[in-house]
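Could you put the whole structure together from the sequences, leaning on the hints where they help?
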Amino acid sequence: MYHEKLKVWQHSFELSVKIYAECEHISNWGFRDQITRSALSVPSNIAEGIEKPTLNDKKKFLYIAKGSLAEFKTQVMVGERIQYLEPEVATHLKKEIEVIDFMLTRLISSLAKNYRPKG
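Numbering (the working numbering) for the sequence shown: 371 to 489.
If you are wondering where the hints come from, they were derived from the structure by calculation, not from laboratory data.
Be aware that a few hints might be false.
[To be verified] What follows is a set of in silico ranges between Cβ atoms, one per label pair, in the way DEER data are often shown:
{"no.": "1", "residue 1": "Asp427", "residue 2": "Gln453", "range": "32 to 42 Å"}
{"no.": "2", "residue 1": "Glu374", "residue 2": "Asp403", "range": "17 to 27 Å"}
{"no.": "3", "residue 1": "Arg486", "residue 2": "Lys430", "range": "10 to 20 Å"}
{"no.": "4", "residue 1": "Pro457", "residue 2": "Tyr390", "range": "11 to 21 Å"}
{"no.": "5", "residue 1": "Leu481", "residue 2": "Ser397", "range": "37 to 47 Å"}
{"no.": "6", "residue 1": "Ser397", "residue 2": "Met371", "range": "32 to 42 Å"}
{"no.": "7", "residue 1": "Asn398", "residue 2": "Leu425", "range": "34 to 44 Å"}
{"no.": "8", "residue 1": "Gln453", "residue 2": "Glu421", "range": "35 to 45 Å"}
{"no.": "9", "residue 1": "Tyr390", "residue 2": "Thr461", "range": "10 to 20 Å"}
{"no.": "10", "residue 1": "Val448", "residue 2": "Arg486", "range": "40 to 50 Å"}
{"no.": "11", "residue 1": "Lys483", "residue 2": "Ser397", "range": "45 to 55 Å"}
{"no.": "12", "residue 1": "Arg486", "residue 2": "Gln453", "range": "46 to 56 Å"}
{"no.": "13", "residue 1": "Leu425", "residue 2": "His395", "range": "36 to 46 Å"}
{"no.": "14", "residue 1": "Tyr390", "residue 2": "Phe472", "range": "15 to 25 Å"}
Cβ coordinates follow ideal geometry from the N, Cα and C atoms, glycine included.
Next comes the structure, spelled out in structure tokens:
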């Protein structure tokens with residue numbers, strides 16, 4: 371599948387895996403569930419969107435991924451503030467989030483400029 375070749379998908383996939391490991395110790399199930407779901411939503415929506423046949427569908431799911439990324443960043447910030455996440459872990463996660471956001475923005479822009487329908 372094409373999405374697995376995208377650097378933005380690879381980065382967001384690895385970040386999603388990392389947050390599961392970082393949250394194993396959190397006893398607050400609601401918080402742990404929400405932060406892992408939002409992180410998992412990013413590569414999932416990139417994958418779903420990039421495999422869609424129309425430009426509008428592709429962009430829709432990539433924008434959903436951006437929204438999930440913003441949600442995830444908010445939860446990282448809350449997790450750091452309430453001491454569920456170590457400051458250095460949160461800092462690393464926020465840096466990765468910024469990289470992924472930049473990559474997503476560029477991907478959306480590139481698709482809009484270079485889209486050629488299949489068929």
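Consistency of the hints with the structure:
The given range of 32 to 42 Å is respected by aspartate 427 and glutamine 453, whose C-beta atoms sit roughly 41 Å from each other. Between glutamate 374 and aspartate 403 the Cβ separation comes to about 26 Å, which falls inside the hinted range of 17 to 27 Å. Look at arginine 486 against lysine 430: about 18 Å separates their beta carbons, and that is inside 10 to 20 Å. Between proline 457 and tyrosine 390 the beta carbons are some 20 Å apart, a value that agrees with the proposed interval 11 to 21 Å.
Take leucine 481 and serine 397: their Cβ atoms lie about 42 Å apart, and the range 37 to 47 Å holds. Our hint of 32 to 42 Å for serine 397 and methionine 371 holds, since their Cβ atoms are close to 37 Å apart. Under the hint 34 to 44 Å, the C-beta atoms of asparagine 398 and leucine 425, about 41 Å apart, fit the expected range. Restraint check, glutamine 453 to glutamate 421: a C-beta distance of roughly 39 Å satisfies the suggested window 35 to 45 Å.
Checked against the given bound of 10 to 20 Å, the beta carbons of tyrosine 390 and threonine 461, roughly 19 Å apart, stay inside it. Under the hint 40 to 50 Å, the C-beta atoms of valine 448 and arginine 486, about 42 Å apart, fit the expected range. A beta carbon spacing of about 47 Å between lysine 483 and serine 397 agrees with the range 45 to 55 Å that was offered as a hint. For the pair arginine 486 and glutamine 453, the beta carbons lie near 50 Å from each other, so the given range of 46 to 56 Å is met.
Range check, leucine 425 to histidine 395: about 43 Å between beta-carbon atoms, so the 36 to 46 Å window is met. Between tyrosine 390 and phenylalanine 472 the beta carbons are some 24 Å apart, a value that agrees with the proposed interval 15 to 25 Å.
Of the numbered hints given earlier, the model fails none.
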